[in-house]
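So the protein lines, in turn, are chains U and A. Just so we're aligned, residue 1 is where the first sequence starts under UniProt numbering, counting upward by one. Just so we're aligned, residue 1 is where the second sequence starts under UniProt numbering, counting upward by one.
I should point out that these hints are in silico values taken from the structure, not numbers from a laboratory. Don't take every hint at face value.
You can't tell identical chains apart in this list, so a pair holds if it fits in one copy or across any two.
Stated by the list, open to error - Straight-line alpha carbon distances no greater than 30 Å define the calculated DSS-like cross-link-like pairs of lysine-lysine that follow: (1) K113 to K5; (2) K15 to K180; (3) K5 to K84; (4) K21 to K180; (5) K113 to K13; (6) K180 to K84; (7) K180 to K5; (8) K21 to K5; (9) K113 to K15; (10) K15 to K5; (11) K13 to K180; (12) K15 to K82; (13) K13 to K82.
Protein chains: 2
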Amino acid sequence: MELLKQRILQDGKVKPGHILKVDSFLNHQMDIPLLDEIGAEFARRFAGVPVSKILTIEASGIGIAAIAARHFGNVPVIFAKKTKSKNLDGDILTAQVTSYTRGTTFDIQVESKFVNPGDHILILDDFLARGQALLGLIQLVQQAGATIAGCGIVIEKGFQDGGELVRRTGVRLESLAVIKEMSDDSLVFAD
Amino acid sequence: MELLKQRILQDGKVKPGHILKVDSFLNHQMDIPLLDEIGAEFARRFAGVPVSKILTIEASGIGIAAIAARHFGNVPVIFAKKTKSKNLDGDILTAQVTSYTRGTTFDIQVESKFVNPGDHILILDDFLARGQALLGLIQLVQQAGATIAGCGIVIEKGFQDGGELVRRTGVRLESLAVIKEMSDDSLVFAD
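The following block holds chain U by itself, in its conformation from the complex:
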């Protein structure tokens, strides 16, 4: 997605530890017209694929998924929670996720009643690096016996193994910008 790549080159900042800061437009401050273009692009890529709900994970995925839903017939958006909440009860779908960035392991959770066997779930998130969060979301959908329509990612760090791990599950993965390599003074996209 050319518009997105240009924006990453213009406003993204590479930090030590392979961290790409895109917080001025994607995951701290959100550029709403850009999110709308991102949603439209996901809809183009998944054209013809049935989608009954969108699943994402708090926090950065939520804005992306909410705006994208408008391009998928206004389907409901569910966000998986990373912390136990008094608000969560009933049957819970859960998966363990390791965050290499934070050096922690945590459970992600969705109330079972929101994901049903007849659902076609599109999973959206902002970043794909080691793939642990995305694999966790895939597990949640599989636990519920629902169909995975596919996974849509805004920025994939193609030099890490997450994309490979997700594709190996057989799930269709569409990343709008894939970074082949990055260092303090350069950032190269795949293709």
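Use these hints to put chain A onto chain U, whose structure you have.
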């Protein structure tokens, strides 16, 4: 907002401890057309008030704010973070927030560069109960020397003191549904 009140009566569930579960449409699964109506109602209530950015707090406020932004000329949306992240650097606006629900105290944070003295900030969130998160967001904006356009809340628990505390600061507060009292088998709205 009548549509919202009807939805709360239809799908909300009151749990012990004055907890109102609205997770089937607002803060776990999100009903996007409803969020769009909510955004439109905020825009009606704040018509004529300059708004250059919307500020909310992760996680439940993000979807509401992202969709609402479309009704405020697509202004950028910033979400305050509740946890320290490697992605946060530079100058930080911070305020301490006590969560009575979780029994914890934590810092909320926004990178200073996103809130400037010339900004007119509309603060949006899903719930207002004891008002601590909202007062923290107000503090962040005041630290930056920006103008507060107002606060928009989807559901205010009118029987708790948050609304009074916020109004006492002189900031304009618009709540789309104010609950006067609630118990296991009844829920009464104000006005």
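Cross-check of the supplied hints:
1. For the identical chains of this complex, K113 and K5 are inter-copy neighbours only, at 23 Å across copies versus 38 Å inside a copy, given an alpha-carbon limit of 30 Å.
2. Within a single copy, K15 and K180 get their C-alpha atoms as close as 16 Å, which meets the 30 Å cut-off; across copies the closest is 49 Å, which misses it.
3. In this assembly of identical chains, K5 and K84 lie within 30 Å of each other by CA distance solely across copies; the values are 27 Å between and 36 Å within a copy.
4. In this assembly of identical chains, the alpha carbons of K21 and K180 lie at most 30 Å apart only when taken from the same copy (16 Å versus 44 Å across copies).
5. Taking the closest pair of Cα atoms, K113 and K13 come within 30 Å of each other only across two copies (14 Å); inside a single copy the shortest separation is 40 Å, beyond that limit.
6. Taking the shortest alpha-carbon separations for K180 and K84, only the inter-copy value of 28 Å comes in at or below 30 Å, while the best intra-copy value is 36 Å.
7. In this assembly of identical chains, K180 and K5 lie within 30 Å of each other by CA distance solely inside one copy; the values are 12 Å within and 50 Å between copies.
8. With identical chains, the CA atoms of K21 and K5 are at most 30 Å apart within one copy only, with a shortest distance of 14 Å there and 40 Å across copies.
9. When the C-alpha separation of K113 and K15 is checked against a cutoff of 30 Å, the pair qualifies only between copies, where the shortest distance is 17 Å, while the shortest distance within a copy is 40 Å.
10. Taking identical chains as interchangeable, the C-alpha atoms of K15 and K5 lie at most 30 Å apart only when both belong to the same chain, with a minimum of 18 Å there against 46 Å between chains.
11. Taking CA atoms no more than 30 Å apart as the test, K13 paired with K180 passes inside one copy only; the shortest distance there is 15 Å, against 48 Å between copies.
12. Taking the shortest Cα distances, K15 and K82 sit within 30 Å of each other both inside one copy (25 Å) and across copies (22 Å).
13. Within a single copy, K13 and K82 get their C-alpha atoms as close as 26 Å, and across copies as close as 22 Å, so both meet the 30 Å cut-off.
Checked against the numbered hints given earlier, the structure satisfies every one of them.
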